[in-house]
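If you read the protein sequences in the order shown, they are chains A and B. If you read the first sequence in the working numbering, its first letter stands for residue 1, the second for the next number, and so on. If you read the second sequence in the working numbering, its first letter stands for residue 1, the second for the next number, and so on.
Hints listed in this document are in silico derivations from the structure and should not be mistaken for laboratory results. Heads up, some of the hints might be wrong.
Claimed, not checked - Incomplete in silico selection of chain B near chain A, CB under 8 Å:
#1 Q82
#2 V110
#3 K112
Stated by the list, open to error - The calculated lysine-lysine pairs, modelled on DSSO-like cross-linking and capped at a C-alpha distance of 30 Å, are:
#4 K112(B) x K273(A)
#5 K206(B) x K124(B)
#6 K112(B) x K124(B)
#7 K23(B) x K75(B)
#8 K273(A) x K75(B)
#9 K109(B) x K75(B)
Claimed, not checked - If you want the footprint, here are the derived chain A segments under chain B, 3+ residues with CB under 8 Å:
#10 184 to 194
#11 197 to 206
All figures in this text were calculated on a predicted structure; none of them were measured in a lab. C-beta atoms are modelled at their ideal positions from N, C-alpha and C, and glycine is treated no differently.
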Amino acid sequence: MPDDSVGSGGIPVPKPPVHQRFLNSVPVAILIYAVVVGLIFYGSFAGAQNMGYNWQWYRVPQYLYSFTDDGFQWGEIVIGLFATIRLCVVSFLLATVLGLLVALLRLSGLVMGTAVSVGFLELIRNIPLLVLLYLFYYVLGPIFGFDRYTASVLTLAVFHSALISEIFRAGINAIPLGQWEAAKSIGMSTAQSYRYIILPQSVRFMLPPITGEMVHLVKSSAIVSVIAVAELTTVGRNIISDTYMSFEIWFTVAIVYLLVTLILSIGVSFLEKRYAVDQ
Amino acid sequence: MNRHPIIEVRNLDKFYGTFQALKDISITVHQGERVVICGPSGSGKSTLIRCFNALETHSSGSLTVDGVDVFEGSKEIRRLRQEVGMVFQQFNLFPHLNVLENLMIGPIKVRKISRAQAERTARKYLDRVHIPEQAEKYPAQLSGGQQQRVAIARSLCMETRIMLFDEPTSALDPEMINEVLDVMVELADTGMTMVVVTHEMGFARKVADTMVFMEDGRIVEVAPPDMFFTAPASERCRMFLSQILEH
Chain A
1 MPDDSVGSGG
11 IPVPKPPVHQ
21 RFLNSVPVAI
31 LIYAVVVGLI
41 FYGSFAGAQN
51 MGYNWQWYRV
61 PQYLYSFTDD
71 GFQWGEIVIG
81 LFATIRLCVV
91 SFLLATVLGL
101 LVALLRLSGL
111 VMGTAVSVGF
121 LELIRNIPLL
131 VLLYLFYYVL
141 GPIFGFDRYT
151 ASVLTLAVFH
161 SALISEIFRA
171 GINAIPLGQW
181 EAAKSIGMST
191 AQSYRYIILP
201 QSVRFMLPPI
211 TGEMVHLVKS
221 SAIVSVIAVA
231 ELTTVGRNII
241 SDTYMSFEIW
251 FTVAIVYLLV
261 TLILSIGVSF
271 LEKRYAVDQ
Chain B
1 MNRHPIIEVR
11 NLDKFYGTFQ
21 ALKDISITVH
31 QGERVVICGP
41 SGSGKSTLIR
51 CFNALETHSS
61 GSLTVDGVDV
71 FEGSKEIRRL
81 RQEVGMVFQQ
91 FNLFPHLNVL
101 ENLMIGPIKV
111 RKISRAQAER
121 TARKYLDRVH
131 IPEQAEKYPA
141 QLSGGQQQRV
151 AIARSLCMET
161 RIMLFDEPTS
171 ALDPEMINEV
181 LDVMVELADT
191 GMTMVVVTHE
201 MGFARKVADT
211 MVFMEDGRIV
221 EVAPPDMFFT
231 APASERCRMF
241 LSQILEH
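The shape of chain B in the complex, shown without the other chains (with noise of 0.2 Å):
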């Protein structure tokens, strides 16, 4: 397979004051690879995720999305979070948006395409997440696996061929959570590149080229899935997996 890397981050650190964040980071994710970070809450997978579009500047080391490399006041930032999506856990829709609004206002004012080529395409990804019915909702008016759907769905609006997902599951209701990773397996199954923390193992089995396992801001381990759930190499990580496969 000839993959280019289109994520590459080098001994990259952060801090928050004194309190380091990342530890000497250094990974490569390849164009169409799908890559699943877990770890315990505060293991730093959340502040490196959010690293890769700029949401948080790294304090060392380099790190290089999409051929643009990434740093505090770099021009080419607003141009890399055009490619690079991004869902967040508390989805953040634009509450005073209906739906369509809300898929239309990215490519409208930041690509500057017609509003009539900005509806086909919201339409076309409304369909892809399965709720083309409530092009005319408000967000409040939708459930939370809807709202999530609707944000992901304004992700891929922007034609974006990196996706970054934090947590997308952690705040939705049990009963929602499939129709969300649901979702998130066709997309998965169109070759996007995915980049994607989250606890849920049994998505990470299905889709993930890669497991990447974060402790204490530092990663621990990297394993292709199979060997990452029948045999990791480190204690820590088995007692981790155990920990959330129990039940």
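Extracted from the complex, chain A is given alone in its bound form (with noise of 0.2 Å):
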């Protein structure tokens, strides 16, 4: 019986280049991308330096945490940060019920609902976040009496709704028609097939780019701060506005928001691994 772990014998495969495998080796990588980053970092705090930027990350830590006589309690930027999150959340559960609406509007087969799908989806998508959020809170908002935050609430539910639509869309698509047949063919209703059938079938090819959604939302949370709905940015102005530390405090809300997606973006990639493992 031949030992498979020594080989044949034959002549080997000639090896790439030498300084191919130089630059692919892992330390040298790593090396590479610690001088790049060095530099951006050392470029950037030497040009700061150069303005005669006066540093004062000690008094950073005082606005996201502190212990006083009451004991501990978030600072500001911590507490801008839940405001985030909970803004994000109401937004994302209403943006996604009204994708699916949309979605499903779309699939429909009804010549009415196309078109009213269509209409609103070209009409959110060619329309600026910003201009969408004025329009919400300047126009919108008078006329139908609601505050700065249902404001925000609605247009970032709106925006995205439109692109979460697509990609509910494009998940009921991927499932061949031969298991709406199935479905039918055992006497299920449209919206029992939708359930039981199809909508679990799309999950798997949704996650991917709802993720991706929900950092974007995340992201694009922030541009609420324009009409002063308090959330993580505009703790962040405001801050800046009291100690002119600009510079500390900007780098600091950066790196809470890239914690916050890179969180969301882990957690989802273990979803999809259980829902890869069901399949």
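Since each chain sits alone in its own frame, please combine them into the complex, following the hints.
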């Protein structure tokens, strides 16, 4: 019986050239990466130094958390983060429901349904987010009597529902026609086919782009700071107008956003693996 | 024999745009009858059988299945589909559900029977198609022949009165065709009304009460199998048979 681990003793395939092996090796790659990142940091710090910027990092932690006589307290930035998360969760849930409705309307096969959903999509996709926010806050807000927070939630939900509906539509269309036929042939209604057969299978197609959309929503939520809704970016602006530490605070705010979106991505990649196994 | 008609087709036409897929089809299937439809590809046999449970809608003519007048938008179609099982060429099992769940979802969600009852029925029919040991597996873990037998069991679990088979063995590897045909022969022995589109002439000879030959969207010949195979009336049918029976 031949031993697979030894090989059959044929002539070895030639290795790639030395310079290619050198550039591809892990330590060299890390070194190059570190040098590039280091240069960028050094450049910005040196530039700040040249303009006489007075770094005051030691004043930043109090905006994250503090220990007072009352005990531990979250700082303004963290409270702003909580507000951002709340804003995003509410907007995202609303956007998902709205997006599913728009997608189902589009797929309903009704001429009117398709016209309405396509009209909605084109309208929303072709208006800048900032203008949409102004429309909701300065025009629709006074007409229907809602406040700035509601205006922000509606703006984010409507804007992202358009993108989410396209994700739903693609996910639903990815399921072969035979699944519909099998569901119908055991007597299921359209609603039952969606609920028990089509949507559970679509989830795995939808998860990656939906995560992208969640990350996108967290980032675009910063725009509501222009109508002074209390959230992370607004808090950052307020702190800077009190302290003039614009470099430190904007760096901190950026890192907080980065952490939130990274955690989202990692969480969903776990979910994806779970759904992959179920197939 | 006192058999009453269960599928009645009168002067049925089917158009896709300007293309006429079915031309003036009239045929009657009686309760307990086994009808095998054959013919060259593109002859409209799949389209016809898919009309029987309203997966396709006909353009004109009348179609009555199990006492239900079938037409587009009829409220009765869902009830009808519970009585008419369909087995597809590509199996179309639900890949996100295991075998048992595939068999139980129709009875539970559509027929509204209890889980326990549905599971008993599911296991009974899994036994009937000879794969009781695969109950917990997912469709992707089964061979094509096993998947098709699960698909047959899924239809049976709805306690259907009519079974439609749309080329059930055409997507199978040759060594798996017989295990599916065996199950179909056993099903025929229980007295089930069956309409089968297939090129498996051995199976047809064994179980068919009536052979139907279609070409170009028309029914060319309807005959009992002994007559059909030995003395087909039409030249085109003779040609077709000689082509597929050659080897």
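Status of the hints after comparison with the structure:
{"no.": "1", "hint": "Q82", "verdict": "4 Å, holds"}
{"no.": "2", "hint": "V110", "verdict": "4 Å, holds"}
{"no.": "3", "hint": "K112", "verdict": "11 Å, violated"}
{"no.": "4", "hint": "K112(B) x K273(A)", "verdict": "33 Å, violated"}
{"no.": "5", "hint": "K206(B) x K124(B)", "verdict": "25 Å, holds"}
{"no.": "6", "hint": "K112(B) x K124(B)", "verdict": "18 Å, holds"}
{"no.": "7", "hint": "K23(B) x K75(B)", "verdict": "26 Å, holds"}
{"no.": "8", "hint": "K273(A) x K75(B)", "verdict": "42 Å, violated"}
{"no.": "9", "hint": "K109(B) x K75(B)", "verdict": "18 Å, holds"}
{"no.": "10", "hint": "184 to 194", "verdict": "holds (count 7)"}
{"no.": "11", "hint": "197 to 206", "verdict": "holds (count 3)"}
The structure is inconsistent with the numbered hints 3, 4 and 8, although it conforms to all the rest.
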